[in-house]
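Those protein sequence lines, which keep their order, are chains C and R. Sequential numbering from 1 applies to the first sequence in the UniProt record's numbering. Sequential numbering from 1 applies to the second sequence in the UniProt record's numbering.
Calculated from the structure, these hints are not laboratory results. Be a bit skeptical, because a hint or two may be false.
It does not matter which identical chain is meant; a pair holds if it fits inside one copy or across any two.
Simulated pairs of lysine-lysine, DSS-like, Cα-Cα distance not exceeding 30 Å [claimed, not checked]:
id, residue 1, residue 2
1, K230, K129
2, K53, K129
3, K203, K129
4, K230, K53
5, K196, K53
6, K159, K196
7, K230, K196
2 protein chains.
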Amino acid sequence: MLRPQFVLFGDSLTQQSFDPAGGWGASLADAYARKADVINRGYGGYNTRWALKMLTRIFPQTAEPPRLVTVFFGANDAAIPGRLGERQHVAIPDYVDNLRTIVQHLQQLRAGSILLITPPPVSDQGRVKYNCELQGVTEVTQIPERTNAFTGQYAEACKSLASELGLPVLDLWGLMQQERDWEAELFWDGLHFTSKGNAVVYKHLQALVDEQFPDLRAEDMAYDFPHHSKFDPANVDAAFQ
Amino acid sequence: MLRPQFVLFGDSLTQQSFDPAGGWGASLADAYARKADVINRGYGGYNTRWALKMLTRIFPQTAEPPRLVTVFFGANDAAIPGRLGERQHVAIPDYVDNLRTIVQHLQQLRAGSILLITPPPVSDQGRVKYNCELQGVTEVTQIPERTNAFTGQYAEACKSLASELGLPVLDLWGLMQQERDWEAELFWDGLHFTSKGNAVVYKHLQALVDEQFPDLRAEDMAYDFPHHSKFDPANVDAAFQ
Chain C
1 MLRPQFVLFG DSLTQQSFDP AGGWGASLAD AYARKADVIN RGYGGYNTRW ALKMLTRIFP
61 QTAEPPRLVT VFFGANDAAI PGRLGERQHV AIPDYVDNLR TIVQHLQQLR AGSILLITPP
121 PVSDQGRVKY NCELQGVTEV TQIPERTNAF TGQYAEACKS LASELGLPVL DLWGLMQQER
181 DWEAELFWDG LHFTSKGNAV VYKHLQALVD EQFPDLRAED MAYDFPHHSK FDPANVDAAF
241 Q
Chain R
1 MLRPQFVLFG DSLTQQSFDP AGGWGASLAD AYARKADVIN RGYGGYNTRW ALKMLTRIFP
61 QTAEPPRLVT VFFGANDAAI PGRLGERQHV AIPDYVDNLR TIVQHLQQLR AGSILLITPP
121 PVSDQGRVKY NCELQGVTEV TQIPERTNAF TGQYAEACKS LASELGLPVL DLWGLMQQER
181 DWEAELFWDG LHFTSKGNAV VYKHLQALVD EQFPDLRAED MAYDFPHHSK FDPANVDAAF
241 Q
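For reference, chain C alone in the conformation it holds in the complex (with noise of 0.2 Å):
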C-alpha cells in the first residue's frame, strides 16, 4: 500500500468513529480520500492500562510508522471507584504515566505526528438515564457511573502533559460544552456522540491538524496516482512514469 496512515487510537469513542450517520473518523477518512488509509484501533471499554497491554502489537517497531496518530483515551479511566464502571477506573497518576508511555513508544517508532484528545465532556443525567432506563438496571441508585467533574480533571491532567510532551492536544472537554445545549445535542447517552457531536469532534480535530501539522492538510497532500483529468488518453503511460 503506498499511502501514509492515520491511526486512531482509543476507546469506543473511537472505534465507533466509522459510524455511518456522520462517524468523525468516517469524516477524516474521506477527506484524505486517496491521500491517507485512516485505521480504526478503537477499543470500546478500555482504558489506559489496558491499552498498554496491546501498544507494541498494534505499533510495532518493524512496521512503516504512521503518519499520524491520536491518542484518545480518558473517557474509561475516568469511571469512578464504587459506582457501576469501577472495574475500568484508573487513577489520573497512572493515567498520564499510561499516556506517557505511549507517546514514548510511538516516539521511538518515529510516528510523524502525534495528538492527545482529552476525554469528552459527560452529561451526568444522561448517564443516569442511559444506565436506568435503556440498560433495564433498576437496582442503580440515582448517581452516575461517571460524572463531568471528575472526567475534567482527567481532562485537565491531558492538557497538562501534552505541554509538558510538547504536543499538540484537542480539548474536547472544553469544546464540546461551548455547544449550545451540548448534553442533549452531541449525546445520545451521556457519552457516546450524536451525529452532531460526531461533527463537532471533526470539526475542531480538522482545524487542529492543519493548524500544527500543515504537511498533513488535506487539500496539499498528493494523490497517491494522478488525476484522470491529467492523462493523455493517447499516451496514458506517461502519467504513470
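Chain C is fixed; fit chain R onto it per the hints.
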C-alpha cells in the same frame, strides 16, 4: 497491524464511499470495527484500462494478501463515445478483458475472497441536469454522456464474466432499479449515490458477503484483542497471553 484487510478497488463510487453521510464503505468499516480494516482504493474518473496501470502497485506480490477485494468498475468505461465523457470510454470486450486481468492478478496474489460489482444504473435525466445546470455547461446538447441502457450492457458483461469465473457479483444495476423512485432518491447527479443510495448499496453488499463468504460474517469474526468484559481486573495479563 493484526487485522485482515478488505480492499475496495474502484472508481469515484468507491473513492466517495466514506462519505460521512452514510457512505457504503464507512458502513462496512463500522460493521467490521475491531475485526477488519476497510481500505479505500477508489480512483475518481478511472476506467478499467487505467486501473490496470496501478494494479501491481496497489496489490504487490510481496504484501500480505487482502482477505476481501471488491472490484467495482464500469461506470466510466460506459461513458459514450462522441459525447462529453468519451475520453473515459472503454469498449465492452476490453472492459471484460481488463476485469479478467484484475481478477487473475488478485487470484495469483491469493486474495481471500473476490467480489465483482456491476456499475449502478444511470439516471439519464439526472446526468443531463447535472451537466447543464450544476456544472454551468451551456453548450452541451440535451444528450446524456452516460445512459442507463448503455451502462446496462456493461453490467450484463460484468455478470457474465463473474459467472464464467465462478465469482459472486453484486448486480447493482438490477438491484437499485427495484427501489421506488430510484433516479431521484438514490442518485444526486444521476450517477453518484445519495445517503439513501449508499444505504441500498451497503445493504446488498453485506447480504452478499454474508451469503457467499460465511467466514467473513462480521458477527463470527474474532476481535483482535479480547473484549474488556472478559478481563479479570485482578489478572489482566492472562487475557493478553
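Quick rundown of the hints versus the structure:
no.: 1; hint: K230 to K129; in the structure: between (56 Å within a copy, 26 Å between copies)
no.: 2; hint: K53 to K129; in the structure: neither (33 Å within a copy, 56 Å between copies)
no.: 3; hint: K203 to K129; in the structure: within (28 Å within a copy, 32 Å between copies)
no.: 4; hint: K230 to K53; in the structure: between (47 Å within a copy, 14 Å between copies)
no.: 5; hint: K196 to K53; in the structure: neither (33 Å within a copy, 41 Å between copies)
no.: 6; hint: K159 to K196; in the structure: within (24 Å within a copy, 40 Å between copies)
no.: 7; hint: K230 to K196; in the structure: neither (38 Å within a copy, 32 Å between copies)
The structure is inconsistent with the numbered hints 2, 5, 7, although it conforms to all the rest.
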